[in-house]
Amino acid sequence: MAAAIETKQLTKSYKSKQAGTINVVDHLDLHVEEGEIFGFLGPNGAGKTTTIKMLLGIIYPTSGEGYVLGKEIGDMDVHRLISYVPERPYYYEHMTGLELLKFYGSLFGITDKEKFIKLLEKVNLHRDMTKTISQYSKGMQQRVGLAQSLLNDPKLLFLDEPTGGLDPIAHREIRDLILSFRDEGRTVFISSHELSEVELICDRVAIINRGVIARQGKLSELLKGGRIEITAEGVAEGLLKDMKITDANLRVVGNGFLLDMPEENDPNSVIDAIRGQNGRVISIVPRRKRLEDLFVETVSNKGANS
Amino acid sequence: MRPILAIASTTVGEAIRRKVLLIILLIGVLFIVVAPGLGILSARSETTVLKSFMLGVIQGVSAIIAVILTVYMIPNEIERRTIYTILSKPVQRWHFLVGKYFGAVASLFLMMVLMSAVMGLMFFLQQQSKNPGEVAELMKGPMMYFVQMSLLAAVAICFSTFVAPLVNFFLTVGVFLVGVFFNPLFQSLQDNQNTAPMVKGIARLVNTVLPNFANYNVQNPLINPTSAIQNEGRYYLGITVYGVVYIGILLIIGILIFDRREV
Chain A
0 MAAAIETKQL
10 TKSYKSKQAG
20 TINVVDHLDL
30 HVEEGEIFGF
40 LGPNGAGKTT
50 TIKMLLGIIY
60 PTSGEGYVLG
70 KEIGDMDVHR
80 LISYVPERPY
90 YYEHMTGLEL
100 LKFYGSLFGI
110 TDKEKFIKLL
120 EKVNLHRDMT
130 KTISQYSKGM
140 QQRVGLAQSL
150 LNDPKLLFLD
160 EPTGGLDPIA
170 HREIRDLILS
180 FRDEGRTVFI
190 SSHELSEVEL
200 ICDRVAIINR
210 GVIARQGKLS
220 ELLKGGRIEI
230 TAEGVAEGLL
240 KDMKITDANL
250 RVVGNGFLLD
260 MPEENDPNSV
270 IDAIRGQNGR
280 VISIVPRRKR
290 LEDLFVETVS
300 NKGANS
Chain B
0 MRPILAIAST
10 TVGEAIRRKV
20 LLIILLIGVL
30 FIVVAPGLGI
40 LSARSETTVL
50 KSFMLGVIQG
60 VSAIIAVILT
70 VYMIPNEIER
80 RTIYTILSKP
90 VQRWHFLVGK
100 YFGAVASLFL
110 MMVLMSAVMG
120 LMFFLQQQSK
130 NPGEVAELMK
140 GPMMYFVQMS
150 LLAAVAICFS
160 TFVAPLVNFF
170 LTVGVFLVGV
180 FFNPLFQSLQ
190 DNQNTAPMVK
200 GIARLVNTVL
210 PNFANYNVQN
220 PLINPTSAIQ
230 NEGRYYLGIT
240 VYGVVYIGIL
250 LIIGILIFDR
260 REV
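So the sequence lines, in the order shown, correspond to chains A and B. The numbers in numbering that gives the first Met the number 0 rise by one with no breaks, and the one at position 212 of the first sequence is 211. The numbers in numbering that gives the first Met the number 0 rise by one with no breaks, and the one at position 190 of the second sequence is 189.
Accuracy of the hints is not assured; some may be wrong.
[As the list claims (entries may be wrong)] Quick list of in silico lysine-lysine cross-link-like pairs, DSS-like style, CA-CA up to 27 Å:
(1) 18/B x 130/A
(2) 70/A x 7/A
(3) 101/A x 114/A
(4) 130/A x 101/A
(5) 18/B x 101/A
(6) 101/A x 121/A
(7) 139/B x 129/B
(8) 154/A x 112/A
(9) 18/B x 137/A
[What the hints assert, rightly or not] Here chain B is said to cover these stretches of chain A; the calculated rule only asks that three of the stretch's residues, wherever they fall, bring their Cβ under 8 Å from a Cβ of chain B:
(10) 56-68
(11) 78-88
(12) 91-100
(13) 258-271
What the hints contain is simulated information worked out from the structure, not anything from laboratory work. Backbone N, C-alpha and C define an ideal beta-carbon position, used for all residues, glycine too.
From just these sequences and the hints, can you work out the full model?
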């Protein structure tokens, strides 16, 4: 599949009197495929927004290369095919929702009022399009931001913290909109702290820490390594020990035992063995590895790389 | 051209809603309205005082508006991150800077037109002869002030591409005051035969680098008909061309700096 975003050793350095040269983004190799939702994760100050600004041509890399939709970053032709919604966006407050779309549309030469209204319908703001931005709630401002980002029918959208500071309902609305972008064949690049959100919608993620990519890959692969907990009673401890399950932990719980084993093992064989000894399975609990676990593990262990 | 116009019109929309500017404008208009009453306070001719005061108000208020409007213009866009959304569209940085400048100048134009219209009306009502020609003559002042303020706005926009707003404020006001009050002094130093060559050189340098805002102080010939400008049309055209060229240079410098600046 073609790359929507590709960076090779992309670096952004700043000079500081106290600390000398600081690499805010350090030899970044990023690969985002077309048509996917890509989560760009990292703690505060990790270099997420700096990376996005470089990809948009708003700031200039110190070294390295970057390509967006096959063209070098900063190429003005690419700006016709991409969109950006910044973190905590601010829009001209004196404008109505409709006027805001007219303004951003005029930057592309788009003057079609029907299109503006359709976009406002898509983000469920058509009933509020004559209200000024100053009258909009945070969620409405985020939605009007998404509407403006669709004006040019973009192939690639950059969303910086799209659900930051929003209530659960607004979260869900924005999430559904982002998923609809993928269904429409667009590539979505999301920078976010909302790990549960990212886990729900992203195909692939990269975790950046102190300017360095610590992990990058398919979410399903990165989250491999979950565990299964089986609680049973009426069975001899020796039986479970005899099964020789690698990396398993066994401990006594009440009258029975709790077996904690990697998810790669087949739980049916364990259950069959327990039943074969007239034991009783009390519970089977899959403990899936969560993105939050991976994130914390990665950020606290900078050397991780996959 | 399209992005420039869009950015300029948005800038006008914002500027005419800024309360601080509207309050300053309102104070200016109020001063102009009460100006006819001030004639009795002076021993000079009532008409002379009226013209002088009203033109002074328009120039002073316009200068304050021009500085406040432009000094924070670019930094505000960066701080509020509105610039990021705009620059992520097919908009070059120079489109943005020039659009902001034209928006500022258009806003100044609207505000100065309002003050000039009130001045014209008050002057007409005050006149015994009710001569519209004299009102039209008086309008030459605000017209030249408009070029002067457009130049001042260009100075502020140029500085705003590389200095912080507070520094910009003092720099812009400083350049304006030097240009208004000291340019004639530097000019006379430059022209005087007895001036030392080094002083002459410095005077020439200052006169060349700093815009000559004093050119546009045309109130004296408008107030006092005995000090008329020789070949008036040519003079006005000359200083307008001077202003436009200077504005062009300042904008080009600003664009070159802004183009490489991290925002």
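Hints and how they fare:
no., hint, verdict
1, 18/B x 130/A, "holds (20 Å)"
2, 70/A x 7/A, "holds (13 Å)"
3, 101/A x 114/A, "holds (10 Å)"
4, 130/A x 101/A, "holds (14 Å)"
5, 18/B x 101/A, "holds (25 Å)"
6, 101/A x 121/A, "holds (16 Å)"
7, 139/B x 129/B, "holds (18 Å)"
8, 154/A x 112/A, "holds (22 Å)"
9, 18/B x 137/A, "holds (24 Å)"
10, 56-68, "holds (count 4)"
11, 78-88, "holds (count 10)"
12, 91-100, "holds (count 3)"
13, 258-271, "violated (count 0)"
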